[in-house]
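From just these sequences and the hints, can you work out the full model?
For the record, the sequence lines run as chains A and B.
For the first sequence, the tail end lands on 286 under my numbering, and the numbers increase by one without skipping.
For the second sequence, the tail end lands on 452 under my numbering, and the numbers increase by one without skipping.
Read the hints as simulated data drawn from the structure, not as lab findings.
Among the hints, erroneous ones may be present.
Stated by the list, open to error - Here are the computed distance ranges between Cβ atoms for each label pair:
{"id": "1", "chain 1": "A", "residue 1": "Glu217", "chain 2": "B", "residue 2": "Gln430", "range": "30 to 36 Å"}
{"id": "2", "chain 1": "B", "residue 1": "Gln451", "chain 2": "A", "residue 2": "Gly209", "range": "55 to 61 Å"}
{"id": "3", "chain 1": "A", "residue 1": "Gly198", "chain 2": "B", "residue 2": "Asn404", "range": "19 to 25 Å"}
{"id": "4", "chain 1": "A", "residue 1": "Pro137", "chain 2": "B", "residue 2": "Tyr329", "range": "57 to 63 Å"}
Don't be surprised by glycine CBs; every beta carbon is placed ideally from N, CA and C.
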Amino acid sequence: MRTSLSPRLLALFALTLTNTAVQAHGRYVLPSHTLLSGEEPQSVTLNASITNDIFHPDKPLGNNGGGTANPFLLKIFSKVTPYITAPDGKTQEVIKLTAFTRQSTGDVTLKNDGTYRITIEQKPTQMIYFKNPDGTPNRIIGERSELPEGATNIEVHLISSRVETFITNNSPTPLSKHISGSGIEIGGSAHPNDLFVGEPVTFLLLMDGKPVASGIEAHLEFGGTRHRNKRNTQELRTNDAGEITLNFAEAGFYLLEVDVSAPVPENNEVKAKHHSLYLTFEVFPQ
Amino acid sequence: MPTFLSASLRSVFVLTGCLITSLCQAESIALSVTIPTLDVDPYHRPYVAVWLETPERKGVKVINVWYEQDEWLKDLRQWWRKIGRSDAAAYEGVTGATRKPGTYTYEWTVADDIPAGNYVLCFEASREAGGRDFLRQAITLGGQQQQRYQLEGDYEFGAIAITIQP
Numbered sequence: 001m002r003t004s005l006s007p008r009l010l011a012l013f014a015l016t017l018t019n020t021a022v023q024a025h026g027r028y029v030l031p032s033h034t035l036l037s038g039e040e041p042q043s044v045t046l047n048a049s050i051t052n053d054i055f056h057p058d059k060p061l062g063n064n065g066g067g068t069a070n071p072f073l074l075k076i077f078s079k080v081t082p083y084i085t086a087p088d089g090k091t092q093e094v095i096k097l098t099a100f101t102r103q104s105t106g107d108v109t110l111k112n113d114g115t116y117r118i119t120i121e122q123k124p125t126q127m128i129y130f131k132n133p134d135g136t137p138n139r140i141i142g143e144r145s146e147l148p149e150g151a152t153n154i155e156v157h158l159i160s161s162r163v164e165t166f167i168t169n170n171s172p173t174p175l176s177k178h179i180s181g182s183g184i185e186i187g188g189s190a191h192p193n194d195l196f197v198g199e200p201v202t203f204l205l206l207m208d209g210k211p212v213a214s215g216i217e218a219h220l221e222f223g224g225t226r227h228r229n230k231r232n233t234q235e236l237r238t239n240d241a242g243e244i245t246l247n248f249a250e251a252g253f254y255l256l257e258v259d260v261s262a263p264v265p266e267n268n269e270v271k272a273k274h275h276s277l278y279l280t281f282e283v284f285p286q
Numbered sequence: 287m288p289t290f291l292s293a294s295l296r297s298v299f300v301l302t303g304c305l306i307t308s309l310c311q312a313e314s315i316a317l318s319v320t321i322p323t324l325d326v327d328p329y330h331r332p333y334v335a336v337w338l339e340t341p342e343r344k345g346v347k348v349i350n351v352w353y354e355q356d357e358w359l360k361d362l363r364q365w366w367r368k369i370g371r372s373d374a375a376a377y378e379g380v381t382g383a384t385r386k387p388g389t390y391t392y393e394w395t396v397a398d399d400i401p402a403g404n405y406v407l408c409f410e411a412s413r414e415a416g417g418r419d420f421l422r423q424a425i426t427l428g429g430q431q432q433q434r435y436q437l438e439g440d441y442e443f444g445a446i447a448i449t450i451q452p
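Spelled out as C-alpha cells, the structure:
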C-alpha cells in the first residue's frame, strides 16, 4: 500500500483485508446527559462502543470495571484508559467501564460547577496486517514475533485515538482550560455544551496542542444511522486557521470524527501512524 | 432657525418628556400568561421562564422563573444557556413555585439599569414527561407609545398577552 493513501482508504483497506477489523470501525462515548443544573453532585452514565452505526453499539470499548470480552478486544482494552478531566483542566480520575456484549458502561459523578471532559484514550497500539501462508488475510495486535510462520505481506501500523465528550454542570468552562496538548483536540471560543439547531459553530482543531494544517478532513454524522438509508455525512475540511464550522439541522447527538495519518519513511518497521478523534456533541432545539 | 438647532431642540424636548414620564410612572410590562389545561396523565406543572434579551440574543434580565427543583432548571434550555447557568443571582429574587393551569397576570416594572432600545421578550415552558414551548416577541423599551402583543403557544403555553406601558 502506498503511503499517500488517506486514513479513510486505509480504514477501508483494513476492512477488506480482515473479517472484523475492529480498529477500522467508528467509536463513540455517549453520555446520558451533557448539561446538568443544581447544587447537588450529579451522576451521568456513559455508554461506549466500537461500531459503524452511530450511537448504536456493536462491540464494547474498554473494560477496567470487571466485565468480559474476547481476547482480541481485551488486547485493545489493555491500551485503553477511560478518564474524566475536571473543570480545572488538570484533575483526572479514571472511569470504570464494564464491558458487556455490545457496549461498555460506566458512571461519572460531577461535583463541581463547570465543564468536565470525558476521554477514552487508546495509546499507540501496534496492529500488524498480513497474509497467512494460504493467502488469507489476517491481522494481530502485538509484535512481529507473534506472527505465524510463513506470513507474507506484512504491514505494521500504529493506531491511537481519543474518544471524547464534554459535560457541563451549571456554568461552562472555556475549552482553553482543557487543552492537553496531546493528540487531536478541539479548541477555540465556541463551547461543545452550547450547541443549538440553526446556529453554526466553529471549532479550532489542534494536533498536539497546535492548530492543524488546512485541508484536514473531518466528518460529522447525526446519530441514528442505523435507521435511515443515507448516512448524510457532512464532509468537512479545515480552513487556513485549522478551523471547521459545523451546522446542525436537527437536535440530537452528533459524532465528529477526525483522522490524521502520518506515513513513516521507507525502511522503517512501521508503515504508518494513525490518530483519530471521535467526539460526541449534543445539540438542542431552539 | 437652522434645522440643526431645531432637531437638537426637539430631541431635548423628547428627552425631557421621557424623563418626566419615568419620574411620574416607570415603564412597565403587563403580562398575561396562560398555562393550558392538558388532558394527559401523568400531568406535571411546567417550569416557566420569562426574560428579556437583546436582539443579538444575549440575556439581559430575568422577569420570572417558576420551578420546583434546580436539577431540572437545565430543561428550560434557552433560558439556562443565556442567563440561568452562569448567574444564579440574576434570578434569585424572581422565582416562584410552578403554577397549575390557568391565566396569570402580573406586571414587571422595567428596571432602571435597562437602557432604552430594542429587546426581545422570551417565554419558555418545559414540562416533565411533556413538551417544550419557546416564544419570542420583539419589543421596544423607552418609547412613547403603548405596545400590545398577543402570542399563542404551540402546546405548553396558551395565549400570552403583553402590554408595554410607557
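Hints the structure fails to honour: Of the numbered hints, just 1 does not hold.
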